[in-house]
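Add 358 to a position in the sequence shown, counting from 1, and you land on the number used in this note's numbering.
Be careful, since some hints might not be right.
Estimated spans, in silico, between C-beta atoms of each pair [what the hints assert, rightly or not]: (1) A472 - E543: 32 to 40 Å; (2) A545 - E518: 16 to 24 Å; (3) N468 - I520: 28 to 36 Å; (4) Y391 - Q508: 37 to 45 Å; (5) H547 - S448: 39 to 47 Å; (6) K415 - S534: 23 to 31 Å; (7) K444 - I520: 34 to 42 Å; (8) Q443 - R516: 16 to 24 Å; (9) Y500 - G440: 18 to 26 Å; (10) K415 - I520: 32 to 40 Å.
Below, a list of computed lysine-lysine pairs in the DSBU-like style, where the Cα atoms sit at most 35 Å apart [said to hold, decoys possible]: (11) K476 - K417; (12) K467 - K505; (13) K449 - K554; (14) K444 - K482; (15) K505 - K444; (16) K420 - K482; (17) K449 - K475; (18) K475 - K420; (19) K529 - K408; (20) K554 - K505; (21) K551 - K450; (22) K497 - K551; (23) K497 - K417; (24) K475 - K505; (25) K415 - K554; (26) K408 - K444; (27) K505 - K529; (28) K450 - K529; (29) K497 - K467; (30) K449 - K497; (31) K408 - K554; (32) K390 - K449; (33) K441 - K529; (34) K475 - K554; (35) K467 - K551; (36) K467 - K408; (37) K390 - K529; (38) K444 - K415; (39) K476 - K408; (40) K408 - K390.
Hints are computed from structural coordinates only; laboratory data are not their basis.
Note that the Cβ used here is the ideal one computed from N, Cα and C, for glycine as well.
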Amino acid sequence: MNNLGFFFILFCTVFLNHSNQKTDALLNSTPKYSLLFIGNSLTYTNDLPKLVKEEAKEKGIKVAVEMLAYPNYAIEDHWNEGKVQKLIASKKYDYVIIQQGPSSQSEGKNMLLASGKKYSDICKLNNTQLCYFMVWPAKSNYHTFDKVIQNYTEAAIRNEAILLPVGSAWKSYIESTNTWDYYSEDAFHPSLKGSKVAAMVIINTLFHK
Numbered sequence: 359m360n361n362l363g364f365f366f367i368l369f370c371t372v373f374l375n376h377s378n379q380k381t382d383a384l385l386n387s388t389p390k391y392s393l394l395f396i397g398n399s400l401t402y403t404n405d406l407p408k409l410v411k412e413e414a415k416e417k418g419i420k421v422a423v424e425m426l427a428y429p430n431y432a433i434e435d436h437w438n439e440g441k442v443q444k445l446i447a448s449k450k451y452d453y454v455i456i457q458q459g460p461s462s463q464s465e466g467k468n469m470l471l472a473s474g475k476k477y478s479d480i481c482k483l484n485n486t487q488l489c490y491f492m493v494w495p496a497k498s499n500y501h502t503f504d505k506v507i508q509n510y511t512e513a514a515i516r517n518e519a520i521l522l523p524v525g526s527a528w529k530s531y532i533e534s535t536n537t538w539d540y541y542s543e544d545a546f547h548p549s550l551k552g553s554k555v556a557a558m559v560i561i562n563t564l565f566h567k
């Protein structure tokens, strides 16, 4: 091999290594956010946290997700068990996202407000931002949708939390298209399409995309 060929290969090797190092540095410098989801089957159906992570990745945002969700649980039930307080106190999370049933009635509203205040207080102590994941009513209770929106909105405002207006996005879609494909066959839980919309709303709201 002549000297010119040797130096060309050496130059290419050094250039590629430098480029790879710059790429790695850019990836490693990308902010990584940690999200804790607390809820019930409206959260774990279709694995919403995973969909949120995928949606974030498509927008160039690195997030880590964790979920604490059980059937028919309200945020008060999670609080009474005590695990959620330990998780938030670990200071691992940038955002704590809470969700319960539609909460159109006074009992549900009171839980959003009173239990939500407890979450808000502990989040503030641990430098974490509380978020309300606004959901939707069962199709058979569609007439209560405005109360769901109202109660989640009021709870978020009063407890100084971020409102993730998934329910509002669902209602706008249904009323503009007269289609119900955000619902699954049971007419309450989300279809995969509905969960993907929820993930999009969550990422767009948190990161202003």
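Tested hints:
1. Range check, A472 to E543: Cβ separation about 34 Å, and the 32 to 40 Å hint holds.
2. For the pair A545 and E518, the supplied restraint of 16 to 24 Å is violated, since their beta-carbon distance comes to about 34 Å.
3. Range check, N468 to I520: Cβ separation about 21 Å, and the 28 to 36 Å hint is violated.
4. In this structure the supplied range 37 to 45 Å is violated for Y391 paired with Q508, their Cβ-Cβ distance being about 29 Å.
5. Roughly 30 Å separates the CB atoms of H547 and S448, a value that falls outside the hinted 39 to 47 Å.
6. For the pair K415 and S534, the beta carbons lie near 29 Å from each other, so the given range of 23 to 31 Å is met.
7. In this structure the hint that K444 and I520 lie 34 to 42 Å apart at CB is violated, the actual value being about 23 Å.
8. Look at Q443 against R516: about 21 Å separates their beta carbons, and that is inside 16 to 24 Å.
9. Restraint check, Y500 to G440: a C-beta distance of roughly 36 Å breaks the suggested window 18 to 26 Å.
10. Roughly 21 Å separates the CB atoms of K415 and I520, a value that falls outside the hinted 32 to 40 Å.
11. With a CA separation close to 33 Å, the supplied pair K476 and K417 stays within the 35 Å bound.
12. For the hint pairing K467 with K505, the CA-to-CA distance comes to about 9 Å; that is within 35 Å, so the pair holds.
13. A C-alpha spacing of about 28 Å is found between K449 and K554, which places the hinted pair at or below 35 Å, so the restraint holds.
14. Among the hinted pairs, K444 with K482 is consistent with the structure: their alpha-carbon atoms are about 14 Å apart, no more than 35 Å.
15. Of the supplied pair hints, the one linking K505 and K444 holds, its CA atoms being roughly 32 Å apart against a limit of 35 Å.
16. Of the pairs offered as hints, the one joining K420 and K482 holds, with about 23 Å between alpha carbons and a cut-off of 35 Å not exceeded.
17. Restraint check for K449 and K475: satisfied, since their Cα atoms lie roughly 18 Å apart, inside the 35 Å limit.
18. For the suggested pair K475 and K420, the alpha carbons sit about 29 Å apart, so the restraint of at most 35 Å is met.
19. Between K529 and K408 the CA atoms are separated by roughly 24 Å; this keeps the pair inside 35 Å, and the hint holds.
20. Note on K554 and K505: the hinted pairing holds, with a Cα-Cα distance of about 24 Å set against a maximum of 35 Å.
21. Distance hint between K551 and K450 is fulfilled; the C-alpha atoms sit about 30 Å from each other, no more than 35 Å.
22. The suggested pairing of K497 with K551 holds, with an alpha-carbon distance near 16 Å, which does not exceed 35 Å.
23. With a CA separation close to 32 Å, the supplied pair K497 and K417 stays within the 35 Å bound.
24. Straight-line distance between C-alpha atoms of K475 and K505 comes to about 20 Å, which keeps the hinted pair within the 35 Å bound.
25. For the given pair, K415 sits about 13 Å from K554 by alpha-carbon distance, which is consistent with the 35 Å threshold.
26. Straight-line distance between C-alpha atoms of K408 and K444 comes to about 23 Å, which keeps the hinted pair within the 35 Å bound.
27. A hinted pair counts as satisfied when its Cα atoms are at most 35 Å apart, and K505 with K529 qualifies at roughly 12 Å.
28. Of the supplied pair hints, the one linking K450 and K529 holds, its CA atoms being roughly 34 Å apart against a limit of 35 Å.
29. Distance restraint check for K497 and K467: the Cα-Cα separation of roughly 19 Å lies within the 35 Å cut-off, and the hinted pair is therefore satisfied.
30. For a cut-off of 35 Å, the pair hint linking K449 to K497 is broken: about 38 Å separates their Cα positions.
31. Under the criterion of a C-alpha separation no larger than 35 Å, the hint pairing K408 with K554 is consistent with the structure, at around 10 Å.
32. For the hint pairing K390 with K449, the CA-to-CA distance comes to about 14 Å; that is within 35 Å, so the pair holds.
33. Our distance criterion of 35 Å between C-alpha atoms is met by K441 and K529, whose separation comes to about 33 Å.
34. With a CA separation close to 29 Å, the supplied pair K475 and K554 stays within the 35 Å bound.
35. For the hint pairing K467 with K551, the CA-to-CA distance comes to about 27 Å; that is within 35 Å, so the pair holds.
36. For the given pair, K467 sits about 28 Å from K408 by alpha-carbon distance, which is consistent with the 35 Å threshold.
37. Under the criterion of a C-alpha separation no larger than 35 Å, the hint pairing K390 with K529 is consistent with the structure, at around 32 Å.
38. Between K444 and K415 the alpha-carbon distance is near 28 Å, which keeps this suggested pair within the 35 Å criterion.
39. With a C-alpha separation of about 27 Å, the suggested pairing of K476 with K408 holds against the 35 Å cut-off.
40. Between K408 and K390, the direct Cα distance comes to roughly 15 Å. Compliance with the 35 Å bound is thereby established for this hinted pair.
In this structure, the earlier hints numbered 2, 3, 4, 5, 7, 9, 10, 30 are contradicted, and the remaining ones agree with it.
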